[in-house]
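Line by line, the protein sequences give chains A and B. Just so you know, we're using the working numbering here: the first sequence kicks off at 61 and counts up by one. Just so you know, we're using the working numbering here: the second sequence kicks off at 61 and counts up by one.
Hints listed in this document are in silico derivations from the structure and should not be mistaken for laboratory results. Careful: at least some of the hints might be erroneous.
Which copy? The list can't say, so a pair holds if one copy fits it or any two copies do.
[What the hints assert, rightly or not] Below 25 Å or equal to it, Euclidean Cα-Cα: the simulated DSS-like pairs (lysine-lysine) are:
#1 K126 - K91
#2 K346 - K65
#3 K263 - K65
#4 K91 - K171
#5 K171 - K65
#6 K65 - K91
#7 K345 - K171
#8 K91 - K346
#9 K190 - K345
#10 K190 - K171
#11 K190 - K263
#12 K325 - K346
#13 K263 - K345
#14 K91 - K190
#15 K126 - K263
#16 K346 - K190
#17 K65 - K325
#18 K65 - K345
#19 K325 - K126
#20 K171 - K338
2 protein chains.
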Amino acid sequence: MNSSKGIAYCQGQYMPVDEAVIPILDPAFTKSDVVFDAISAWDGAFFKLDDHMARFQRSCEYIRVKPPHSDEEMRTIMAECVRRSGMDHAVVFILCTRGRFAGGVAFGHPKDAENGFIAYSVPYYWIVPKERIGTGAHIWIADTRRAPDVAINQRVKNFNRMDLTRAQFEASDAGADAPVLLSTDGFVTEGPGFNVWIIRDGKVLTPGENLLEGITRQCVFELCAEAGLQAEAVNMTEADLRDAGEVFISSTGGGVIAVTVINDKPVGNGAPGLTTGKLGDMYWKKRSEGWDATALDDLLEPEIAQAAGD
Amino acid sequence: MNSSKGIAYCQGQYMPVDEAVIPILDPAFTKSDVVFDAISAWDGAFFKLDDHMARFQRSCEYIRVKPPHSDEEMRTIMAECVRRSGMDHAVVFILCTRGRFAGGVAFGHPKDAENGFIAYSVPYYWIVPKERIGTGAHIWIADTRRAPDVAINQRVKNFNRMDLTRAQFEASDAGADAPVLLSTDGFVTEGPGFNVWIIRDGKVLTPGENLLEGITRQCVFELCAEAGLQAEAVNMTEADLRDAGEVFISSTGGGVIAVTVINDKPVGNGAPGLTTGKLGDMYWKKRSEGWDATALDDLLEPEIAQAAGD
Numbered sequence: 061m062n063s064s065k066g067i068a069y070c071q072g073q074y075m076p077v078d079e080a081v082i083p084i085l086d087p088a089f090t091k092s093d094v095v096f097d098a099i100s101a102w103d104g105a106f107f108k109l110d111d112h113m114a115r116f117q118r119s120c121e122y123i124r125v126k127p128p129h130s131d132e133e134m135r136t137i138m139a140e141c142v143r144r145s146g147m148d149h150a151v152v153f154i155l156c157t158r159g160r161f162a163g164g165v166a167f168g169h170p171k172d173a174e175n176g177f178i179a180y181s182v183p184y185y186w187i188v189p190k191e192r193i194g195t196g197a198h199i200w201i202a203d204t205r206r207a208p209d210v211a212i213n214q215r216v217k218n219f220n221r222m223d224l225t226r227a228q229f230e231a232s233d234a235g236a237d238a239p240v241l242l243s244t245d246g247f248v249t250e251g252p253g254f255n256v257w258i259i260r261d262g263k264v265l266t267p268g269e270n271l272l273e274g275i276t277r278q279c280v281f282e283l284c285a286e287a288g289l290q291a292e293a294v295n296m297t298e299a300d301l302r303d304a305g306e307v308f309i310s311s312t313g314g315g316v317i318a319v320t321v322i323n324d325k326p327v328g329n330g331a332p333g334l335t336t337g338k339l340g341d342m343y344w345k346k347r348s349e350g351w352d353a354t355a356l357d358d359l360l361e362p363e364i365a366q367a368a369g370d
Numbered sequence: 061m062n063s064s065k066g067i068a069y070c071q072g073q074y075m076p077v078d079e080a081v082i083p084i085l086d087p088a089f090t091k092s093d094v095v096f097d098a099i100s101a102w103d104g105a106f107f108k109l110d111d112h113m114a115r116f117q118r119s120c121e122y123i124r125v126k127p128p129h130s131d132e133e134m135r136t137i138m139a140e141c142v143r144r145s146g147m148d149h150a151v152v153f154i155l156c157t158r159g160r161f162a163g164g165v166a167f168g169h170p171k172d173a174e175n176g177f178i179a180y181s182v183p184y185y186w187i188v189p190k191e192r193i194g195t196g197a198h199i200w201i202a203d204t205r206r207a208p209d210v211a212i213n214q215r216v217k218n219f220n221r222m223d224l225t226r227a228q229f230e231a232s233d234a235g236a237d238a239p240v241l242l243s244t245d246g247f248v249t250e251g252p253g254f255n256v257w258i259i260r261d262g263k264v265l266t267p268g269e270n271l272l273e274g275i276t277r278q279c280v281f282e283l284c285a286e287a288g289l290q291a292e293a294v295n296m297t298e299a300d301l302r303d304a305g306e307v308f309i310s311s312t313g314g315g316v317i318a319v320t321v322i323n324d325k326p327v328g329n330g331a332p333g334l335t336t337g338k339l340g341d342m343y344w345k346k347r348s349e350g351w352d353a354t355a356l357d358d359l360l361e362p363e364i365a366q367a368a369g370d
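Start from the sequences, fold in the hints, and give me the full structure.
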């Protein structure tokens, strides 16, 4: 099996991720009626697996789908996707789809669909070009706004991303790495796959409304507590973001990443901030020390774990 | 080929629609990065095909995708999906997907993807239960709001429908047939697959903002002009809808359909309105007379059209 791009568990079988498919009539496609989560697997262990699984279950409940596997079974499948891919650094996606209607008909009430579960591993990725990790990302405050929670609850990790994709074009048209979207109320929300932070008057601040509460965002709160830094979720405007002395983003795809340019203007003196650097160093140091790590081998079926360990 | 559920054209081949699939890594799925349109095919002819194709092209341009077929080729494929399904009354869906990245990798910039085209026919459907067509639909004004155009431009026919699906659950929980969503500004927008109309002081009124400008909505404007009725797009509140003497919805899936119950309260005297009935009768009479009809046979490849006509 060609595992170089990753391994999927789809329709009850393991396969190369680039061969995995879903029916075009599944509302997971035709109505983006699906929730997901993304978990990093690093040197044989998942990071903050319990937090990701709890968020995934909350997402499922919100759209009223139920994965056809127990939590324990899903963890085993996820570990198996990583093991079979042979990757040391991977991200595993898990999806609960609305699923097809009985008899394969095109339409029906969502409550009557047979919910599905898909998992797949892909190589670990960086949410901005990797060369920016050291020098700082260039972000773009987009004109496109983030869909508000009263329409699409952004605490639920979902695929309704037309706003994010449009903003991504705005950013790349302007030569920036990634966009940040404001809410319809004019407050900073998030970018595609990351949360946003500023440092102001010694406080580490991040928006609190109309966004996904990222697991890495939660990590930053933990790191700040450990470092004796005051961290808080607050409403922030575009001006707050532009005027901040330090800006960074947090993501499963890269941890803590400095932002050094916002809409073509340098942040502070244009170099990654000192506090950002400290938090980023702490993040990777703690990761390497086994921070909230769950060994893949402990999740595999016993006979597989034993064989994998041989 | 089992054509009972419809025929799809997918990845360059015709197949039973319930066997057609898309890759799970296609951003059309993982980011709902896809636009579509839906055209009725009735007794051997498409209805208002030019209008649908023009709207589809506008949708494509908005999200910056380009179907890998000419307009003429797409029309031939669409006709072929109907012919091969053997259905007298069908709806054909056409989709332009963002498509996969070169090499089948999981991530990339949307501008680098290879856009795809999918078409499929399914049996003609009614947007509300068919038994309501005569007696009037029961609708429910949902708490969930429609995502605003500044986030997701609803003039672009798209699959980002988490708001619509959540509202659909609200409606069915309340025992209604379908939801109507308000905008974040508190104005009536649309329901899943239909536009909304009221008749007030002899005028036929429909919302004009934050909604898909339905082709059947445009038909109603045409019918009103023909019947000497004044029709207009205006902002309308929930109270305007609840207090109207007549309410109806318009959709490719059923034409003009009376609404007789809104949030458990009867509309007017609880029976379908007279003007609604008149517009509905006009709609189907004109359809039967070949209103803006494009014969499928004129779109098929010449040799196929000849064989189909044998």
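Results for each hint:
no., hint, verdict
1, K126 - K91, "both (17 Å within a copy, 21 Å between copies)"
2, K346 - K65, "neither (28 Å within a copy, 55 Å between copies)"
3, K263 - K65, "neither (41 Å within a copy, 60 Å between copies)"
4, K91 - K171, "both (14 Å within a copy, 23 Å between copies)"
5, K171 - K65, "between (34 Å within a copy, 21 Å between copies)"
6, K65 - K91, "between (27 Å within a copy, 19 Å between copies)"
7, K345 - K171, "neither (46 Å within a copy, 36 Å between copies)"
8, K91 - K346, "neither (40 Å within a copy, 32 Å between copies)"
9, K190 - K345, "within (19 Å within a copy, 63 Å between copies)"
10, K190 - K171, "between (43 Å within a copy, 19 Å between copies)"
11, K190 - K263, "neither (27 Å within a copy, 60 Å between copies)"
12, K325 - K346, "neither (33 Å within a copy, 60 Å between copies)"
13, K263 - K345, "within (22 Å within a copy, 69 Å between copies)"
14, K91 - K190, "between (33 Å within a copy, 22 Å between copies)"
15, K126 - K263, "neither (40 Å within a copy, 47 Å between copies)"
16, K346 - K190, "within (21 Å within a copy, 61 Å between copies)"
17, K65 - K325, "neither (37 Å within a copy, 56 Å between copies)"
18, K65 - K345, "neither (28 Å within a copy, 56 Å between copies)"
19, K325 - K126, "neither (46 Å within a copy, 34 Å between copies)"
20, K171 - K338, "neither (48 Å within a copy, 35 Å between copies)"
Of the numbered hints listed earlier, those contradicted by the structure are 2, 3, 7, 8, 11, 12, 15, 17, 18, 19 and 20.
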